[in-house]
Structure formats: C-alpha cells, structure tokens
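The listed protein sequences derive, respectively, from chains H and S.
Residue 240 in the numbering used here is what sits at position 240 of the first sequence, and the numbering runs on without skipping anything.
Residue 520 in the numbering used here is what sits at position 205 of the second sequence, and the numbering runs on without skipping anything.
You may find that some hints are simply not true.
[As the list claims (entries may be wrong)] Stretch-level coverage of chain H by chain S, calculated; a stretch enters the list once three of its residues show a Cβ under 8 Å from a Cβ in chain S: (1) 8-21; (2) 127-140; (3) 242-249; (4) 278-290; (5) 297-306.
[Stated by the list, open to error] Capping the alpha-carbon separation at 25 Å, the derived lysine to any residue pairs in SDA-like fashion look like this: (6) H:Lys182 x S:Lys497; (7) S:Lys625 x H:Lys222; (8) H:Lys52 x H:Pro106; (9) S:Lys619 x H:Pro101; (10) H:Lys182 x S:Thr621; (11) S:Lys493 x H:His253; (12) S:Lys565 x H:Asn288; (13) S:Lys625 x H:Ala31; (14) H:Lys304 x S:Pro571; (15) S:Lys396 x H:Lys81; (16) H:Lys251 x S:Lys614; (17) H:Lys310 x S:Glu577; (18) H:Lys310 x S:Gly587; (19) H:Lys269 x S:Gly587; (20) H:Lys52 x H:Ile3; (21) H:Lys222 x S:Lys493; (22) H:Lys269 x S:Lys497; (23) S:Lys460 x H:Asp218; (24) S:Lys497 x H:Gln179; (25) S:Lys493 x H:Leu312; (26) S:Lys493 x H:Tyr252; (27) H:Lys178 x S:Lys619; (28) H:Lys178 x S:Asp533; (29) H:Lys182 x S:Lys625.
[What the hints assert, rightly or not] Computed beta-carbon distance windows for the label pairs: (30) S:Thr621 x H:Leu72: 26 to 34 Å; (31) H:Lys250 x S:Gly616: 53 to 61 Å; (32) H:Ser131 x S:Gln465: 53 to 61 Å; (33) H:Thr25 x S:Gly616: 23 to 31 Å; (34) S:Leu581 x H:Arg185: 36 to 44 Å.
Everything labelled a hint here was simulated from the structure, so no lab data went into it.
We put the beta carbon where it would ideally sit given N, CA and C, even for glycine.
There are 2 protein chains.
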Amino acid sequence: MNIDGIKVIDATLRDGGLVNDFYFTDDFVRALYQTNIAAGIDYMEFGYRASKKQFDPDKFGKWKFTSDEDVLKVIGEKDPKMKLSIMVDVGRTDFKEDIAPRSSSPIDLFRVATYMETIPEAIEMIEYISSLGYETTCNIMAISKCTDEQIADALYKLAQTPALAVYIVDSYGALYPKQARKLTRLYHKILSPAGKEVGMHAHNNQQCAFANTLEAKDLGAKWLDGTAFGMGRGAGNCHSEALIAYLNGKKYHVEPLLDLVEQWMLPMKEAGTEWGYNTSYLLTGLTNQHPRTAIAATKSGDTKYTEQYKFLSYQ
Amino acid sequence: MNIDGIKVIDATLRDGGLVNDFYFTDDFVRALYQTNIAAGIDYMEFGYRASKKQFDPDKFGKWKFTSDEDVLKVIGEKDPKMKLSIMVDVGRTDFKEDIAPRSSSPIDLFRVATYMETIPEAIEMIEYISSLGYETTCNIMAISKCTDEQIADALYKLAQTPALAVYIVDSYGALYPKQARKLTRLYHKILSPAGKEVGMHAHNNQQCAFANTLEAKDLGAKWLDGTAFGMGRGAGNCHSEALIAYLNGKKYHVEPLLDLVEQWMLPMKEAGTEWGYNTSYLLTGLTNQHPRTAIAATKSGDTKYTEQYKFLSYQ
Numbered sequence: 001m002n003i004d005g006i007k008v009i010d011a012t013l014r015d016g017g018l019v020n021d022f023y024f025t026d027d028f029v030r031a032l033y034q035t036n037i038a039a040g041i042d043y044m045e046f047g048y049r050a051s052k053k054q055f056d057p058d059k060f061g062k063w064k065f066t067s068d069e070d071v072l073k074v075i076g077e078k079d080p081k082m083k084l085s086i087m088v089d090v091g092r093t094d095f096k097e098d099i100a101p102r103s104s105s106p107i108d109l110f111r112v113a114t115y116m117e118t119i120p121e122a123i124e125m126i127e128y129i130s131s132l133g134y135e136t137t138c139n140i141m142a143i144s145k146c147t148d149e150q151i152a153d154a155l156y157k158l159a160q161t162p163a164l165a166v167y168i169v170d171s172y173g174a175l176y177p178k179q180a181r182k183l184t185r186l187y188h189k190i191l192s193p194a195g196k197e198v199g200m201h202a203h204n205n206q207q208c209a210f211a212n213t214l215e216a217k218d219l220g221a222k223w224l225d226g227t228a229f230g231m232g233r234g235a236g237n238c239h240s241e242a243l244i245a246y247l248n249g250k251k252y253h254v255e256p257l258l259d260l261v262e263q264w265m266l267p268m269k270e271a272g273t274e275w276g277y278n279t280s281y282l283l284t285g286l287t288n289q290h291p292r293t294a295i296a297a298t299k300s301g302d303t304k305y306t307e308q309y310k311f312l313s314y315q
Numbered sequence: 316m317n318i319d320g321i322k323v324i325d326a327t328l329r330d331g332g333l334v335n336d337f338y339f340t341d342d343f344v345r346a347l348y349q350t351n352i353a354a355g356i357d358y359m360e361f362g363y364r365a366s367k368k369q370f371d372p373d374k375f376g377k378w379k380f381t382s383d384e385d386v387l388k389v390i391g392e393k394d395p396k397m398k399l400s401i402m403v404d405v406g407r408t409d410f411k412e413d414i415a416p417r418s419s420s421p422i423d424l425f426r427v428a429t430y431m432e433t434i435p436e437a438i439e440m441i442e443y444i445s446s447l448g449y450e451t452t453c454n455i456m457a458i459s460k461c462t463d464e465q466i467a468d469a470l471y472k473l474a475q476t477p478a479l480a481v482y483i484v485d486s487y488g489a490l491y492p493k494q495a496r497k498l499t500r501l502y503h504k505i506l507s508p509a510g511k512e513v514g515m516h517a518h519n520n521q522q523c524a525f526a527n528t529l530e531a532k533d534l535g536a537k538w539l540d541g542t543a544f545g546m547g548r549g550a551g552n553c554h555s556e557a558l559i560a561y562l563n564g565k566k567y568h569v570e571p572l573l574d575l576v577e578q579w580m581l582p583m584k585e586a587g588t589e590w591g592y593n594t595s596y597l598l599t600g601l602t603n604q605h606p607r608t609a610i611a612a613t614k615s616g617d618t619k620y621t622e623q624y625k626f627l628s629y630q
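So here's chain H without its partners, still in its complex pose (with noise of 0.2 Å):
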C-alpha cells in the first residue's frame, strides 16, 4: 500500500455539525481528537469559522464559528502529531477580522470553500490566509454540476496561489467511480506542473463515497477526507473506518475508529442525528442535484420514492 504523501483529514465536525447543528458535546469532540491522533489521521477539521454577523451563534453550537480558543479549550495542549484545519465559505466568514496569524494559533490549515460561481473570491481569501502563514486549500463543492472547461479555468487560476491542493467536492454524491478517475487525472494534469496537489470529498448518495475516495487515491489524490461512520450532510461521507481500514498498517491504525463507532457513533445514531443512505439520496445523487429535497423527505418520513424521483427529474 502506497502511503507516501497522503493526508487523511477527518472532517466528522464539520460535515457531520451540518447534520446536528455543529451541537456536539466537548466529551465527544476529546474523545474524537484522541481517536484522530491513534489512528495516524493527518488532519482534523474543527468545524468552520462562519461569521456571527450572518449566523446567529444561539443557533448554532460553537463548532459552526471555532475560534482558536474553543480548539484549545477542549483539546488541552496541541498534540505535534496531527495538524488542525477549519473551513471556511466563501461569502460566509469575516476572514480579515476573524483570523489570527498562524504564529498565535493552533491551526495549520484553512479550507476555503467555494463555488465555481465565486473561484476569484476565494482565490482573494486564499491569498489572504496564506499571507497570514497558514496552509490553505481550495475546495470546489457541486463539482458533478461544472463543465470540464470551467474546472480547468478554475484549476488554471489556483495553480497560481498559494493553496497546495485543490479538492475534488461531490456534494451532491452523483459521482461514479469513472468519473472520479475522470476528474483526478484533469485535475491532477493542471495542479500537478505547478506542484499542487488533488483532494476529494466524497458523499454517498450512491453508495460510492469509499470506492470513489480509493478511485481518486490510485490515480494520485493525496488530500483524502473522511469522517466517522460516514456523519456528514445528508447520505454522509466516505466513512472514515474503512478508509483507515483500507490504508492500515504502518502509518495508519483503524482499531481507535471502531472503538469510535461503537462508543460514541452508533450512541449518536441512536439518539436521533440522522444520516446515511437512503433511497430519497440516492435519487437526487443520480439526479445530480442538491440533496435538500431529500433531506426534508428523509425527516418528515416522506418515502414516496416514485413521487421524488418525477419531481427531481423535471428540475
């Protein structure tokens, strides 16, 4: 198994807060941070930096807007072995105000996110960030709706910043494997002459959250997100047990993520945080379109699958 390079990040905060209002207790977010470093993960997304301007924080738990003291509140000392990243939304953080130089904080990494739609926004936030000496990647969500031409445009402009990778993002989980492959390798042609690297983000709508993650990992992918049991928007994400499963051995360990499962997902589960496939994700994954019908159906126990797929079609 070829390790070399690779940076699992665990991004069960922020993907899986967008299901739970980012209200996860601080027990769960130190248990999740010491299963993190035993398991060999390179980073640990602590949710996003949103701004209070926009989001009301009596709305939303303090994962949503993480300042660097709520990090250091719940983890204690800084453990060398794993680096730290938040995301942040183009359009929906106060970056100048909000963000510290990386000398007084304990993140290492920004994730910027974006829309094609905003690319030169979060070009201006990548410039920014790293300017502040912090890592930064880019983060192009809804990709299964960009045209090859706009992700090379895209590519072709972040090359020139200062981000180390670009990411692969499927919100919408309408990725197959092929085309997984498809987008590594013309992402990988634009970043890799300009010494970028590629990221994927995988949801799993169609079930092919993982398969799509090791699609990306063989053609050179080597920013790998996961999160615990799969806890993201909607069908969730390329769980992280199987991905530290597949990868285990020297670097990597995955017995500290099924303990994770056990003690702390499932309880969760149980309790009432839903995602996970279904039929009502699988449709708009293969419909190729933004999972929020099924995530109402999903909650209200809408399960007239026929009903959903005629109304996603005609979008």
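Chain S: place on chain H using the hints.
Chain S in isolation, oriented as in the chain H frame:
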C-alpha cells in the same frame, strides 16, 4: 448509456432468501415478479433448487427447493417479457432427479454455483442441465480467495462448456473497484474468444457492491445481479433500484422498483429481517473472510468491533 446485451438478474428471492430462510409470502413474490417485469429486468431468480434429502423442507420456505409448480402457482401464466432462473449449488442439489426438460418447465436458466475446488462437478452439472435444453451459467463463489492462476485454469475449462457466462461472485464483499476491473478483464480475455460472457455478483460489505457492478459493466460484463433494496446475505448486494436507475431510460424503468422499496422492502426490514452494511461486515470484507462471524455479531448485537477485527486478523 450502452445497454447492448445487458442482462440484469433480480436475485432477491435467492440471496435475500439467505436472510429469512426463504420465507417470502406469495403476495410479496407476486409483487416482486410484476415489479421486475415493469422495471425491464431480464431474469428473475426464484431461489434455489436444493436437495430435500439434505435440507429439511420444514425448516425453510419453499424458495429454497423451488419446483416448477411453485413458480407457476404464484405467477400464474408466465409473462414472455422476463426469463426465469433458479440457482443450484454443487453438491446440494439432486440435479439428475429434480430437473425436468426445459420444454415442460417455466424456467429458462439454471445458474450453477460452485467454489473453485468443485469446478469439475460444476462442469458436470452445466453439461447435464444444458442437455435438458436450459441456459446455464457458472457462478464461482468466494472469488476473492482464488489466485489468478486458479481462476484462469477454471475459465479455460468453463469456456469449453455450454455455459453462457461465468460470474465473478464476490461472496465476501472483499473486492475494491480496482480488483473488480482486474477480474473482469481476466474473465473477458479467456471467455470472450469462446463466445462466453462475464457476470458480476457483488456484496456490499465495504459499500462497493454498486460501484463494483458499474466497473464490471463498463469493462464489458453483461450479466449483472441486483436485489431489491440490496436484500441479501450479510451486508447484502448491489441494490437493483440503484442499478436500474443508472441504466434507466429506454429499456429499464426504476419507478416500479422505487414503489417496491417503499411498499415491501422497508416494511420487511422494519419487521426485523436483517441485512445491509454495518461495521462488522466492513471487517469481514476487509479481511477477505466469510461473513458468518459478522452475521452472528449482528444477530447478537455485538458491536465490539476492535475485538472482531483482532479475531479476523488472526484467521
């Protein structure tokens, strides 16, 4: 979407029967039959024709021993739009006594399931059953345990028989997409010159069943297995509704399957029939082993995954 020559087989009664001891109601079987026809599915598999000398008919539903009469009693007149199949296991069927000539039977295809060790017996069955006028295929189980040399040797022998196709049967859900492609290529190389086709029967232990089925299809596999809502042993199979949705269009129609999932499969699961992905199945797939320990763990509610993993790692 190229669907030339594709044959989708619904194996719900057969692989699904392994999780409910083949106790399906006649109403369900009729609903499944009508659904499959409406969905454009090519073959429906009516369980096994197991030996009543070896298995007690009082301990299993009738679809473990499926007779021609059982089929006709439930479906009434056979619809010419869909062919019917039955699976026979090497060593577990009285094939010389229990199979009437095709001219007097509603069955079109017998699929001969075998382990690598019993290929000679499988060939004897294939030749005998073909001589009665039936279509036959050979389904080599636990393929992830076989070497390329064993597989090539078996395929060269099977290429000389009347079997229409040979299946990659990933009984342990151990294959990743890369391996599914490698096996499909190997099968193709040997079978194609003899005019035989390749089949894929996937299990979902590592959530790769659908992905592996698509990969095999893209490399020319023509016989693709699915089961409604993935119903099958352990982690289950490739979901028919996902596969048909993917192939959807001219010949295949997903809506009837979506209705079946809503009206029959979800209630069946809610009533306690157990199948589908969990972490115990991930671990038997990962370690390339029979799912029996994971089935037992799932039944007893054992979620001590690290212990399960240690046990499997020493097998």
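Evaluation of the provided hints:
| no. | hint | in the structure |
| --- | --- | --- |
| 1 | 8-21 | violated (count 0) |
| 2 | 127-140 | violated (count 0) |
| 3 | 242-249 | holds (count 3) |
| 4 | 278-290 | holds (count 4) |
| 5 | 297-306 | holds (count 4) |
| 6 | H:Lys182 x S:Lys497 | holds (18 Å) |
| 7 | S:Lys625 x H:Lys222 | violated (29 Å) |
| 8 | H:Lys52 x H:Pro106 | holds (21 Å) |
| 9 | S:Lys619 x H:Pro101 | violated (43 Å) |
| 10 | H:Lys182 x S:Thr621 | violated (36 Å) |
| 11 | S:Lys493 x H:His253 | holds (23 Å) |
| 12 | S:Lys565 x H:Asn288 | holds (20 Å) |
| 13 | S:Lys625 x H:Ala31 | holds (22 Å) |
| 14 | H:Lys304 x S:Pro571 | holds (12 Å) |
| 15 | S:Lys396 x H:Lys81 | violated (62 Å) |
| 16 | H:Lys251 x S:Lys614 | violated (33 Å) |
| 17 | H:Lys310 x S:Glu577 | holds (15 Å) |
| 18 | H:Lys310 x S:Gly587 | violated (30 Å) |
| 19 | H:Lys269 x S:Gly587 | holds (18 Å) |
| 20 | H:Lys52 x H:Ile3 | violated (39 Å) |
| 21 | H:Lys222 x S:Lys493 | holds (18 Å) |
| 22 | H:Lys269 x S:Lys497 | violated (37 Å) |
| 23 | S:Lys460 x H:Asp218 | holds (23 Å) |
| 24 | S:Lys497 x H:Gln179 | holds (18 Å) |
| 25 | S:Lys493 x H:Leu312 | violated (32 Å) |
| 26 | S:Lys493 x H:Tyr252 | holds (21 Å) |
| 27 | H:Lys178 x S:Lys619 | violated (35 Å) |
| 28 | H:Lys178 x S:Asp533 | holds (9 Å) |
| 29 | H:Lys182 x S:Lys625 | violated (37 Å) |
| 30 | S:Thr621 x H:Leu72: 26 to 34 Å | holds (30 Å) |
| 31 | H:Lys250 x S:Gly616: 53 to 61 Å | violated (34 Å) |
| 32 | H:Ser131 x S:Gln465: 53 to 61 Å | holds (59 Å) |
| 33 | H:Thr25 x S:Gly616: 23 to 31 Å | holds (24 Å) |
| 34 | S:Leu581 x H:Arg185: 36 to 44 Å | holds (39 Å) |
The structure fails to meet hints 1, 2, 7, 9, 10, 15, 16, 18, 20, 22, 25, 27, 29 and 31 from the earlier list, while all remaining hints are met.
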